[in-house]
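Chains as they are written, first to last, in the numbering used here: chain A, 1405 to 1774; chain B, 42 to 631.
In case anyone wonders, no lab produced these hints; they're calculated from the structure.
Don't be surprised by glycine CBs; every beta carbon is placed ideally from N, CA and C.
Treat the hints with care, since some could be wrong.
Derived list of chain B stretches under chain A, where covered just means 3 residues or more per stretch with a C-beta under 8 Å from a C-beta of chain A [to be verified]:
| id | segment |
| --- | --- |
| 1 | 202-215 |
| 2 | 577-590 |
List of simulated lysine to aspartate or glutamate pairs, DMTMM-like, C-alpha gap at most 20 Å [as the list claims (entries may be wrong)]:
| id | chain 1 | residue 1 | chain 2 | residue 2 |
| --- | --- | --- | --- | --- |
| 3 | A | LYS1774 | B | GLU110 |
| 4 | A | LYS1761 | B | ASP312 |
| 5 | A | LYS1761 | B | GLU100 |
| 6 | A | LYS1484 | B | ASP577 |
| 7 | A | LYS1656 | B | GLU400 |
| 8 | A | LYS1774 | B | ASP312 |
| 9 | B | LYS290 | A | ASP1616 |
| 10 | A | LYS1513 | B | GLU110 |
| 11 | A | LYS1731 | A | GLU1721 |
| 12 | A | LYS1654 | B | GLU400 |
Which chain A residues face chain B? A few, computed with CB under 10 Å, are given here [unchecked claim]:
| id | residue |
| --- | --- |
| 13 | ILE1448 |
| 14 | PHE1466 |
| 15 | THR1475 |
| 16 | ALA1571 |
| 17 | ASP1573 |
| 18 | VAL1625 |
| 19 | LEU1632 |
| 20 | LEU1710 |
| 21 | VAL1737 |
| 22 | GLN1768 |
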Amino acid sequence: MLAKWLGLSAVIAFATGNAFAAPKSLDTLIAEAQKEGGLRAQIIDTAGPEAGKIADAFSKRFGLSNITIATENEATAFQKAETAIRTGSAPDFDVMVGEDGNVFSFIKKGYLTKIDDWEAILAAINPNVSSGKAKPDQVSPDPFRGYGFLVATRDESIVYNSRLIDASDLPKTHLDLTDTKYKGKFNLPPWSTTFTLGMLIYPKDNWVQSVDAIGSNAGAVLFPSVGLNRILQGDFTFAPMNYLYYATAKAKDANVPLGATFFKDGIFTYRVLYGVPNRSKHPASGTLFALWMTNDESRELMRPSLYQENVETGHTELDETVRASMKASGAKVVGWFADAKAQSEFEWLTTTGDGSKYNQAIGQGLTQRK
Amino acid sequence: MIGTAPGRRIPGARTLGRLADQLRQHWLPVAVSAPMLVVVPLLVVFTLYMTFVQGLPTEPGYTIRHWLEVRRPYLLFTVIPNTLILAFGSALISLAFGVPLSWLINRTRLNFRSLAVVCIGLVVIVPGFVQAMAWQMLVNPTSGILNKSIESFTHHTVDITVNSLLGMAWVLGLALTPAVFFMVSGAMRSLNSELSEAAAVARISGMRTVLQIELPLLWPAILGAGLYTFMTAIAIFEVPAMLGGGGGKLGVLSTELFYAVQPITPVPEIDYGAAGVYGSLIMVPSFFAMYFYLRALGSFHGYAVVTGRGYASRPTDLGRAKYLAIGFLWLYLVLALVLPLLVLIWASLQVNFQPLSTETISNLTLRNFAQFFPAMGGWRPLLHTMALMATVSVAVMLVSFMISWLVIRTKLRFRGAIDVTVFSSHAIPAIAIGFDLYLAALSLGRWIPLAGTLLVIGFAHAIATLAPATRITNAALLQIHPQLAEAAQICRARESIAMSKVMVPLIKSSLLYGGLWTALLSAREVTMALFLVGRDNVVFSVGIWELWRTGSQGLAASAALLLLAIIGAVAAITMGLAKRIGGEANGIWI
């Protein structure tokens, strides 16, 4: 009877294509990757100068060859990958990195590959997971579970020239940026990605008006790396930008006259995740790379070009410092995927006509392109 | 042969027959030019087509909503006027520097002319964002070196800034001056000195000779160069972006186009339709400019001054005015080359970019020079750039010469259309060319593996440089009297012989400098390459841009300095080559 039942089960499993599918192990994945014979991986663009070091370390760890690590503006890479997938071609990268919004939209559109048995493989690769310091569902949290793997966080701070202003004179909240005493003293980035998060802590309509006032109070709209230079030159006193710009500049030269602090009304945060796009030419190698990059040690290979924190699952000295500073600020961490309500607001913003208009209004207010 | 029934004619048959005869007669230039003449209109049409797509241009679904967006007051009353002011301002400034420089270097006995040409060539390679950054450091109310210097003398606040339309036009005008210089130089060098000598015999003053004899003869070349810079300035992104175009008050069409193809939202989506609209809006004034240019070209035979009989181009002695001339030359080189170069050197010696102070001087380091190659992934990007410079310049000058031959030297019925078609390539914004070719390479990927190759970048460079190259070859051929080619025809020489034995030797210096100019443009181009780079075709300019954009300014600056050194060497070799093949009779500063 048991033999019959097992036989029937086998037939059903075979018919559904899962005949005795054993959970994939790290060794199996490595063997598949070695068979693929190559990888084209994307890394966070600021870490470009460390690409060779990362490729060598990855090759050595898994015995793989023909590894190419390259950088591209994350958003551009996602756009190009989408174009490639939609025109029936293979994307440039076998494994991609991007902010949570990009990754989520790729999952929704069906452009990312689900990784089978990722928990077991992750535990075998990531020491934080195997030691219990981080749980698998923190590394691949909902709604990214099995598709996107957390490597870092981007946390908005106020970066300032410590020779020009005292920390106590800086704006305390985002709304303080509308104060005329700061007119022309700060610069803003040209994109609305960070500032749209304000709608999660302020009433939507009020926030649009506030952003408009912030935009008209700003001295210039500049890319953050350029904005940081202008702060160092003394043209601007401060700018809201991700903490990584401060950490990287300070790590390169401890004497640089920069300081960083956090707004009290909310810390706008993005997760940075890895995923394997559809039509990837080397999916097994891409999977290995995505999971391996979740390690603290892998992230540290991006130094000195990039000092990037991970306040959710990371345990480096930088992670602990930023986590402690954020906690000390007493501000709430605000992200699109922190809870179901925030996620539904994100979906409203990115999939509905009203959301699109709202987003446009934030962008126009910030840059005053209206 | 077209067969007809006795007594009956097929309408247009005679015209077609004549056309076929003409095509047969000029088969070589037609065959060489044909691919570009097909691709350029396709790109214009595709860009226009993009304005009506809902999503990806390769997918179904059309809309006019992108055009309706144009009615926005911001676009009508801020962006478009800003763009026109910037383009006119830049063209005027580049002409104000470029034409006198070209005259001084090509038509006078000024010392160190070869060196000056190399230096002007180097200006081309200084990335626009570096020029903008240098000027930002020099002129701004809070920390500008110039502002502070003036304030220390006058004890008054100096509020001048480059973060304005005028400031942008100034920086762009300086950056585009080499374009005017190179485009006008061919015609300057070919100008027959017999005319000015005749003026001297008639006791006409030097200034009157320049203004009343030489300038009128040169005006098609000057107008062409002015219109070229006007069209270029409309589409340039990096300088406006660095000097405030990212903000609303100083927005121009190129920054709007950038926002359409680069994400500023939480989920980046390329707005293909809006990108098409902005691309089309950039094309409109460019097509107007082209119309005026072609009208000016209509009477080109009046400007032919090289007949082959006793042709010589002799330089003018400036006398004591040479000091003024040298001062003018140095003023330009300091503003456009020395200053940005100093900023580059300063940036290359620092880990974090900071202004000059005793503290920063003590922290200077050379480590960026050791690190930028590994940071870019080795030598390959540099080798790719050098390969592109060599192949694109040769290919473009060959095609340009053939096209100019058809336009200037033949009686082909549609030669005007050929010139319009080629010149219209310059009206297509670089971002649009890059994007169109990127989509084409992906779509054709199943049959032809073009995506991610150097070939596709080279093709994009060829399209983008074809217009300036043909302006150079057009201007050069315009100066050669038709009698020379007609003499070759009378001797029953084949067209290819007339080209290679008669025309090419007479305009070889123009071809050489056109090639140099094309190579320089190819070396510094970044906008198109950003769309077209893949695993195997990364070029040096993109490497520098990426390092700069991601905050490694020191590495980017040291890499840019290497590129400048290479370009300087290429320019010097070209000069040496020109001297060997050109000889003294045909050359002034070689």
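Proposed interface contact between A:LEU1710 and chain B, which counts if any beta carbon pair is under 10 Å:
Since chain B brings a Cβ to about 8 Å from A:LEU1710, closer than 10 Å, the hint holds.
Proposed proximity, B:ASP312 with A:LYS1761 (alpha carbon, max 20 Å)
Given that 20 Å is the threshold and the Cα spacing comes to 14 Å, the pair holds.
Holds or violated: the hint that A:VAL1737 contacts chain B, with Cβ atoms closer than 10 Å.
violated (17 Å)
Holds or violated: A:LYS1654 to B:GLU400, with C-alpha atoms at most 20 Å apart
Distance ~16 Å between A:LYS1654 and B:GLU400 Cα, so the pair holds.
Within 20 Å, alpha carbon to alpha carbon, are A:LYS1761 and B:GLU100?
The given pair, whose Cα atoms are some 24 Å apart, is violated under the 20 Å limit.
With chain B as the partner, please determine if A:ASP1573 meets the hint condition of a C-beta pair closer than 10 Å.
With a minimum Cβ separation of about 17 Å from chain B (threshold 10 Å), the hint on A:ASP1573 is violated.
Can the restraint linking A:LYS1513 and B:GLU110 be considered satisfied, given a maximum Cα separation of 20 Å?
Violated: A:LYS1513 and B:GLU110 sit about 27 Å apart, past 20 Å.
Within 20 Å, alpha carbon to alpha carbon, are A:LYS1731 and A:GLU1721?
holds (15 Å)
Three-residue Cβ test at 8 Å for the coverage of the segment 577-590 of chain B by chain A:
Our answer is that it holds, as 5 residues pass the Cβ test (under 8 Å) against chain A, meeting three.
Chain B contact restraint for A:PHE1466 - C-beta distance below 10 Å:
Status violated, d = 20 Å.
Does the nearest C-beta of chain B fall within a distance shorter than 10 Å of the C-beta of A:ILE1448?
With Cβ-Cβ at 9 Å, under 10 Å, it holds.
Identify whether the interface hint at A:ALA1571 stands, where standing means a beta carbon of chain B within less than 10 Å of its own.
Where the cut-off is 10 Å and the nearest Cβ of chain B is about 20 Å from A:ALA1571, the hint is violated.
In this structure, the hints that do not hold are numbers 1, 5, 10, 14, 16, 17, 21, in rising order.
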